[in-house]
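S.K.: One letter stands for each residue in the lines below.
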Amino acid sequence: MAILEFNGLSKFFGGVKAVDGFSYYVPEGNLNAIIGPNGAGKTTIFNLITGVYAPTDGDITFHGESLIGKKAHEIASIGIARTFQNIRLFPEFSVLDNVRTAAHQRADYSVLEGLFPTRRRKKQEQELTDYAYKLLELVDLADRAKELSKNLPYGHQRRLEIARALALEPKLLLLDEPAAGMNPDETADLMEFIQQIKEKFNLTILLIEHHMEVVMGLCDDIVVIDFGKTISRGTPDEVQSDPLVIEAYLGVGEDEA
Amino acid sequence: MSGYYSGIIILTCINLLAVLGLSLLTGFTGSFCFGQAGFMAVGAYVSTLLTMNYAAPFPLALFAGGLAGLLVSIPLGYPTLRLKGDYFAIATLGFAEAMRLIIENLEKITGGSRGIPGIPTHTNLPLILVVTFFFVWLVRNYVSSRHGRNCVAVREDELAAEAIAVDTFRYKQISFAINGFLGGLSGAFLAHYVGFIQPSMFGIPQSTQLIVMVIFGGMHSITGAVLAAIILTALPEVLRAADAWRLVAYGAVVVLIMIIRPEGLLGSWELSKDSLQDLWSKLQARLNQYKEQRLAKAKE
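In order, the protein sequences belong to chains A and B. For what it's worth, this note's numbering labels the leading residue of the first sequence as 35, then goes sequentially. For what it's worth, this note's numbering labels the leading residue of the second sequence as 835, then goes sequentially.
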C-alpha cells in the first residue's frame, strides 16, 4: 500500500510553475528518489509535503489521509520527518539538545510540570537523554554531544540532522540532497548508512538527489522531474536509459534538435 | 537596613520581574518585545484600582495585576505573534503606546495624565524578595525543561522547529503570556511601592530600559537577566557622584559592554551546580598549571 501518494500536485509562484501536475506514489518500505536538474522543483515538492507551502492544486495523502491544510508541525507529528538541503540545525544548541528537542515521543510532561522539578519530569528527561545518546552513537557523534552544533564540521552536521529527524520516530523520512558537498567516498558511506537506518527503523525513505549516479545502486524506484514536470519514472535502469532524461541532464545539440 | 538601600533592592526586584518575562520571550523564544511597559501599566492600574476602590487585600491585587497582564497578552499575541521579527517589535511598541493613551483618556477611572496619588504602599522588602526568588526559580525550571528547549528551537530556526513537530505559535503564545503576567506583577509592585502612578511612567523609555537589561545581561541566560537588573538598577545610584553626567555615564557603560561583549555579560552561561563545578575544575586546572610552571622555574 502506498504510504505517500501525490495526485496532480501543482504549485505556482506567480507565473512560475515550480511543480506542475505531479502524480506519484511511494509504497511502504521503499527507498525512492526524486531526481532532476537544478531548479526542477524537487525541494518545492518536499515543502509541499511538509506543509511549508500550500499547493495551488492537487492532493498529497499519507496513509490515505490528506495532508493539505495541515500545519507543518502537525505533519511532522504524524510521522513525516525531513532534513534540509542547506542544513538547518539549532546552531546555539548542543549536539545532544538538537536531538533531545525532537524526541517528543519520549516525554509528555505538561507546561505546568515544566515550571516545577517534579519526579516524573526528571525521569522523562533522563529517558530523553538516554535515547538521544543512543541515536548519537548510531551516527558516531556521542563523543561530541556537549559541543555546540554550529562548531561541528559540515559532514557531522549532516549526520546530526539525520539523527534529529530520526528522533521524531518517523514512518517516512524525507532527505533533501543528503550527499550535497560530499566527495564520492563519503557519498558511498552515506548511502550505506541510509540503507542501514532504513532497515533498523523500518522506514520508508524518499530522497532528493541532484546527481543521478548516487541513487542508482540504491533506490527501488526513481521519478525524474524537470521544470516542474515529470519526465520519466521507473527503476534506476529504465530511467537511466530514457532519452528524455539524458536530454534534461545533458541538453540536446542544436543540430540534433 | 536603611530605607535607601532597601529601596534600591525593591526597585531591582521590580525591574527584575519585568526583565525575567522579557528574557524568556525575547532572549529564549526570540520574539523581540518593545512594549513591556504596557504590561506593567496594565498591572499597575488594575491592582491599584482594586486596592483603592474595592479594598482588595494586597496579595489578591498583585495576582490580579499579573493576571491582567496575562489576559491582555492573549488577544494581543494572537494576531501579532505571527509577524516576523521587526514587525512584532513594532506591534508591541504600538501596544504599549496605545495602553498609555487609553489610560490617559479614561480620566474618570484612571485620573488621566495626572495619575492616581495616595496608593497604599504595601510593597515591602521580604515579600518582594520571596516573590522574585520564586519566579526566577520557576522561569529557570521552565527554560531547562523540554518546553524551554522548544522555545529556544523556535528562536534558533522556526522552520526547523516546525519540521520536528514543535508548535511554534503555541510556544510563542506561552512565552508571551508568562511575560505578560510578570510584567503585570512588576507593575503592581511598582504602584504599591511608589504610592503614585501616572501614564508617563510607562512610556517608551521604561520599555527600552527593560529590553536593554535583557541584552546587557546576555540574551540567552536567566542568570544574566538577574545580574543585569541588579547592575543597571543600582548603577544610576552609584553614579550619583557624576551628578549631571549620570545618565551619560549610564549610556556609556551600556555602549561599552555591547562593544566589548556583544553577546551580553554572561552570553548563555547559566548559574547551576554543574556550571559552578565546571568553573571550579577549570580554575583548579589553571592553578595547577601555574604551580607546575613555578616549580619548573624553581628547579632551573
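Just so you know, these hints were derived from the structure itself, not from any lab. Mixed in with the good hints, there may be bad ones.
Cβ pair distances, simulated, as ranges [as the list claims (entries may be wrong)]: (1) B:Lys1107 x A:Asn41: 42 to 48 angstroms; (2) A:Lys168 x B:Pro893: 35 to 41 angstroms; (3) A:Val86 x B:Pro954: 53 to 59 angstroms; (4) A:Ser57 x B:Leu917: 33 to 39 angstroms; (5) A:Lys157 x B:Pro954: 44 to 50 angstroms; (6) B:Asp1112 x A:Thr152: 21 to 27 angstroms; (7) B:Lys1107 x A:Phe46: 54 to 60 angstroms; (8) B:Phe968 x A:Lys157: 33 to 39 angstroms; (9) B:Phe968 x A:Asn217: 36 to 42 angstroms; (10) A:Pro187 x B:Leu935: 51 to 57 angstroms.
Quick look at which bits of chain B chain A covers, simulated, 3 or more residues with Cβ under 8 angstroms [stated by the list, open to error]: (11) 972–985; (12) 1060–1070.
Glycine included, each C-beta is placed from N, C-alpha and C at the ideal position.
S.K.: It remains to establish, for every hint, whether it holds in the given structure.
M.R.: Now the hints, each set against the structure:
Take Lys1107 (chain B) and Asn41 (chain A): their Cβ atoms lie about 56 angstroms apart, and the range 42 to 48 angstroms is violated. Look at Lys168 (chain A) against Pro893 (chain B): about 48 angstroms separates their beta carbons, and that is not inside 35 to 41 angstroms. Between Val86 (chain A) and Pro954 (chain B), the C-beta spacing of about 55 angstroms keeps the proposed range 53 to 59 angstroms intact. Restraint check, Ser57 (chain A) to Leu917 (chain B): a C-beta distance of roughly 37 angstroms satisfies the suggested window 33 to 39 angstroms.
Judged by the Cβ atoms, the range 44 to 50 angstroms given for Lys157 (chain A) and Pro954 (chain B) holds: they are separated by roughly 46 angstroms. Roughly 26 angstroms separates the CB atoms of Asp1112 (chain B) and Thr152 (chain A), a value that falls within the hinted 21 to 27 angstroms. Distance hint check: the CB atoms of Lys1107 (chain B) and Phe46 (chain A) are about 56 angstroms apart, consistent with the given range 54 to 60 angstroms. Taking 33 to 39 angstroms as the suggested C-beta distance range, the pair Phe968 (chain B) and Lys157 (chain A) does not conform, at roughly 24 angstroms.
With their beta carbons about 56 angstroms apart, Phe968 (chain B) and Asn217 (chain A) fall outside the hinted range of 36 to 42 angstroms. Checking the proposed 51 to 57 angstroms range against Pro187 (chain A) and Leu935 (chain B) shows it holds: the Cβ atoms sit about 54 angstroms from each other. Requiring three or more residues with a Cβ within less than 8 angstroms of a Cβ of chain A, the coverage given for the segment 972–985 of chain B holds, as 9 such residues are present. Chain A is given as covering the segment 1060–1070 of chain B, and this is violated because 0 residues of the stretch bring a CB closer than 8 angstroms to a CB of that chain, at least three being needed.
In summary, the structure is inconsistent with hints 1, 2, 8, 9 and 12 from the numbered list given earlier, while agreeing with the others.
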